[in-house]
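Protein sequence lines correspond, in order, to chains A and B. The letter at position 28 of the first sequence is residue 28 when you use this note's numbering, and the numbering goes up by one with no holes. The letter at position 67 of the second sequence is residue 67 when you use this note's numbering, and the numbering goes up by one with no holes.
Since the hints were made in silico from the structure, they are not lab data. It cannot be assumed that every hint is accurate.
Said to hold, decoys possible - Examples of chain B residues toward chain A, derived with CB under 7 Å: (1) P39; (2) A41; (3) L43; (4) L45; (5) A93; (6) K98; (7) F101; (8) K103.
Said to hold, decoys possible - Here are the simulated DMTMM-like cross-link-like pairs (lysine to aspartate or glutamate), alpha carbons at most 20 Å apart as the crow flies: (9) B:K98 x A:E59; (10) B:K98 x B:E5; (11) B:K103 x A:E100.
Just so you know, even glycine gets a beta-carbon here, dropped at the ideal spot from N, CA and C.
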Amino acid sequence: SQTIHQWPATLVQPVGSPLSLECTVEGTSNPNLYWYRQAAGRGLQLLFYSVGIGQISSEVPQNLSASRPQDRQFILSSKKLLLSDSGFYLCAWSEGNVNEQYFGPGTRLTVT
Amino acid sequence: GEDVEQSLFLSVREGDSSVINCTYTDSSSTYLYWYKQEPGAGLQLLTYIFSNMDMKQDQRLTVLLNKKDKHLSLRIADTQTGDSAIYFCAESADRDDKIIFGKGTRLHILP
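Bound-form chain A, shown alone:
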C-alpha cells in the first residue's frame, strides 16, 4: 500500500533563516506530487506541483522553491524565511492519470 511521509512535523524558525521540508512517497511509481500551504483563515493554497523528476510548476510567486531530486521525493525550500511563510504545509500525491490526491500528515511552520 502507498504511504506518504513528511518531516519535520513541527518547525520553529527565525525570520531570514533557510528552510527545507521533505516529503517522500512509498508504494507507487512516478506519482504527481504537490505542495500546499494552509494559512489561518485562507484555506488551502497550491504552491507547487510536479509530474516527474526535475519538473516543477509554480502556482504562486513567492520566496519558496521546490525540487524533486528523486521520483518519490519532493522538497520545499527557502533561502530566507518571512513571517508570512508561517503555516501548515501539506504534501500530497496522486496517480499519473487520476486526480484523487492523498495527503501527508503536514508540517506546522512557525516563523518568529
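Got chain A; can you put chain B on it based on the hints?
Just chain B now, with coordinates in the frame of chain A:
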C-alpha cells in the same frame, strides 16, 4: 478565475444530520471532492462525485450536486463526535487538472 466558496463554521448536535454546503464558479468542473481534515493532520479524501451525477451515497455520507446552480453539499447522517473536523470542498476541471479548494468548514459537534 475559479473559486470555491463554503461557510467557515457549522455547529450540529450529536445524532443530528450535518449539511455542509459549497458553491463553485467554474462551469467546466468535472470532478467535485470532499476532504476531511482532523486536528493537526493532513487531508483525507472522503468522497468525490462526477459532474454527470446528481447524488452519491456512501454509508453515512450523501453528496448532492446541483450543476445548474453550481452547488454541492455533503450530508453526514447521525453526526458523531469523531466527525468533528474541517471539511474542504474542492473541484477540478479534469482528471489531470489542478484541484481548487475552498477555505474549509469547521464542523463542531454539540453534546
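Hints and how they fare:
no. : hint            : result
1   : P39             : 11 Å, violated
2   : A41             : 6 Å, holds
3   : L43             : 4 Å, holds
4   : L45             : 6 Å, holds
5   : A93             : 10 Å, violated
6   : K98             : 6 Å, holds
7   : F101            : 4 Å, holds
8   : K103            : 3 Å, holds
9   : B:K98 x A:E59   : 10 Å, holds
10  : B:K98 x B:E5    : 17 Å, holds
11  : B:K103 x A:E100 : 18 Å, holds
Checked against the numbered hints listed earlier, the structure breaks hints 1 and 5; every other hint is satisfied.
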